[in-house]
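Since the structure of chain D is provided, determine the placement of chain X on it from the hints.
Letter by letter, the chains look like this.
2 protein chains.
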Amino acid sequence: MIAAVAFYGGIDLGGTKIQAAILDGVGNVLGAARRATPTSGGPADVAAEMETALRDAAKAAEVEPSALAGVGVGSPGTIADGNVTSARNLPGWEGTFPLAQTLSDAFGCRVEVGNDVQVATDAEFKLGAGRLYDSLLGVFWGTGVGGGLILDGKPWLGRGGAGEIGHVVVEIDGARCTCGRLGCMEAYSGRASMEAYVRDLHERKGRKTDMFKLMREHERTRLTSGIWARALERGDKLAEHTLDRAVRALGAGVASVMNVIDVEGVVIGGGLGVRLGHPYAKRIAEAMQPHLFADQRPPHVHVAALGDLGGAIGASLLLSSAEAAS
Amino acid sequence: MIAAVAFYGGIDLGGTKIQAAILDGVGNVLGAARRATPTSGGPADVAAEMETALRDAAKAAEVEPSALAGVGVGSPGTIADGNVTSARNLPGWEGTFPLAQTLSDAFGCRVEVGNDVQVATDAEFKLGAGRLYDSLLGVFWGTGVGGGLILDGKPWLGRGGAGEIGHVVVEIDGARCTCGRLGCMEAYSGRASMEAYVRDLHERKGRKTDMFKLMREHERTRLTSGIWARALERGDKLAEHTLDRAVRALGAGVASVMNVIDVEGVVIGGGLGVRLGHPYAKRIAEAMQPHLFADQRPPHVHVAALGDLGGAIGASLLLSSAEAAS
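Protein chains in written order, with my numbering: chain D, 1 to 326; chain X, 1 to 326.
No lab work stands behind these hints, which were simulated from the structure alone. What you are looking at is a predicted structure, and each value in this text was computed from that prediction instead of being measured. Be careful, since some hints might not be right.
Identical copies look the same in the list; a pair holds intra-copy or inter-copy alike.
Below, in silico cross-link-like pairs of lysine to aspartate or glutamate (DMTMM-like), each with a Cα-Cα straight-line distance of 25 Å or less [unchecked claim]:
(1) Lys205 to Asp105
(2) Lys205 to Glu233
(3) Lys126 to Asp152
(4) Lys126 to Glu94
(5) Lys154 to Glu264
(6) Lys205 to Asp152
(7) Lys213 to Glu286
(8) Lys126 to Asp244
(9) Lys213 to Glu233
(10) Lys213 to Glu112
(11) Lys154 to Glu195
(12) Lys154 to Asp134
(13) Lys237 to Asp210
(14) Lys205 to Glu195
(15) Lys17 to Glu219
(16) Lys282 to Asp173
(17) Lys205 to Glu94
Pulled out of the complex, with its shape left as it was, chain D reads as follows (with noise of 0.2 Å):
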């Protein structure tokens, strides 16, 4: 019998947007769309949200869900036989939800959920940035900073908890981070404390931007990482400020962990990573350079080759690399 050509799909839900695409068995982008993600409601309008999203995608390729081998989900939060719980930057997310099983319902086919950093970490690993590499660091530079690790060709995840790289300390008793701690890298450099720290800036002390003009102009409700691109391009002095901030912390917090860790490379992701793309990775590599302890091969550091889309094709291959295994 001759198997017939499968197709996948993957969703990548992030704290700003849900991003969808079908794939061949080999990591082909065949159809790809995107949707916001809701900031308010709960688990349930989320998952709405990603079944609209996957929906988009298989209409761009011309191939009905039910018809996929099956959909793979890159999330936030803790994940177990398909539940997700406590998922930070989602709306009403403190509990635990079936987003396989309520995924799997309305598509009718196959759906697996993998952590949202480890699976985008896997899709550069395996055809994107990293391909080239046996260890890797992934950065996923957005709305908070994940970590994932690739060591000798296997994903690290330790107890289950590795990879919490925007959590590591570059500040003792330093600046607030979103996770209530103190002096986290993400504190620093996550877009929600980029966010937070700019308006506390501009609306409590004064000090000028055009950034949430621009949001309000491009009808956004936050600074994603489309107006912090935006505002640099115009030059706004407390863009630039907070970015620089960011990158200082991004330097400090990668380059601690590649003295532990030591790997080949470091590929820099997530939504401001991507958008902001080469002159910040570069930027990021030379704020690691001072406190690299190796600091005459320091790693090589690279913007996510697969881009936007890293995480939905990672996504997909939760259940693509699964049966080629087979």
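Then chain X, alone, in the frame of chain D:
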């Protein structure tokens, strides 16, 4: 043919002391001896003290060095083929010295040289406080602060430079480290940095302390771990303040690493770690807590069970483990 019982030598070359031991093939210590690490001269002088230490240990064990199945050495610096280059904290050791060959000629047996921190971590993993874990972080708190990683039962060396936990940044633009960089964990918690800090506060700023008096009384030229322990017993305020500052840095730095690698256990060794013992391992665990992302399940934090001899025992494993495996 019945094999003769094999004995092994192990030498731990530290910044303050040289510890030697004679062991049987399963890690039992038959004799031990220690010497102060020379503070002047060069590699040949250091090697001569190492030879004396090993001969003293062999005498205690009632064996001849030439009858040993081999001698393992744990050394700082960059190690390749038994040669040691740029050994930090050792006098005049900027260049390359053929340590294995020199000691092999002296003892008339095989000599292997490994990284000091990695062999000590390996000893704790195989025979000491980490023997029940699959993955482990060793933190060696002494003249400097070194780190060793065991992941899934195997040493993780990265590209050869992994484990430099002393140079995790805990304060961007913070205190000057002995490595020349700013804000490293070791700049607050390494014995050498702590001594420089105390000397500055005492000699230049008039802060009271009995530590230098204790040092002279005990005929030491440095504030050794023993001097620190005695100063604490006497309630020396400057010693307490400096150790509080060290523990705060260790808490932030070790927690940062845990947030990324999430291993089961942490073993605190090194001269200060062993000397200050359980109360300080507990204090470090408490100082880690506010920085741990998965704070509901902190890693287990232990004092190195092999104590001062861990490095020498680990060094001997360079030979006995290799033979057991062959």
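Quick rundown of the hints versus the structure:
no.	hint	in the structure
1	Lys205 to Asp105	neither (50 Å within a copy, 72 Å between copies)
2	Lys205 to Glu233	within (24 Å within a copy, 50 Å between copies)
3	Lys126 to Asp152	both (13 Å within a copy, 22 Å between copies)
4	Lys126 to Glu94	neither (33 Å within a copy, 41 Å between copies)
5	Lys154 to Glu264	both (14 Å within a copy, 18 Å between copies)
6	Lys205 to Asp152	neither (49 Å within a copy, 51 Å between copies)
7	Lys213 to Glu286	neither (32 Å within a copy, 45 Å between copies)
8	Lys126 to Asp244	neither (31 Å within a copy, 45 Å between copies)
9	Lys213 to Glu233	within (15 Å within a copy, 62 Å between copies)
10	Lys213 to Glu112	neither (40 Å within a copy, 67 Å between copies)
11	Lys154 to Glu195	neither (35 Å within a copy, 42 Å between copies)
12	Lys154 to Asp134	both (8 Å within a copy, 16 Å between copies)
13	Lys237 to Asp210	within (9 Å within a copy, 52 Å between copies)
14	Lys205 to Glu195	within (14 Å within a copy, 43 Å between copies)
15	Lys17 to Glu219	within (14 Å within a copy, 66 Å between copies)
16	Lys282 to Asp173	between (28 Å within a copy, 21 Å between copies)
17	Lys205 to Glu94	neither (33 Å within a copy, 52 Å between copies)
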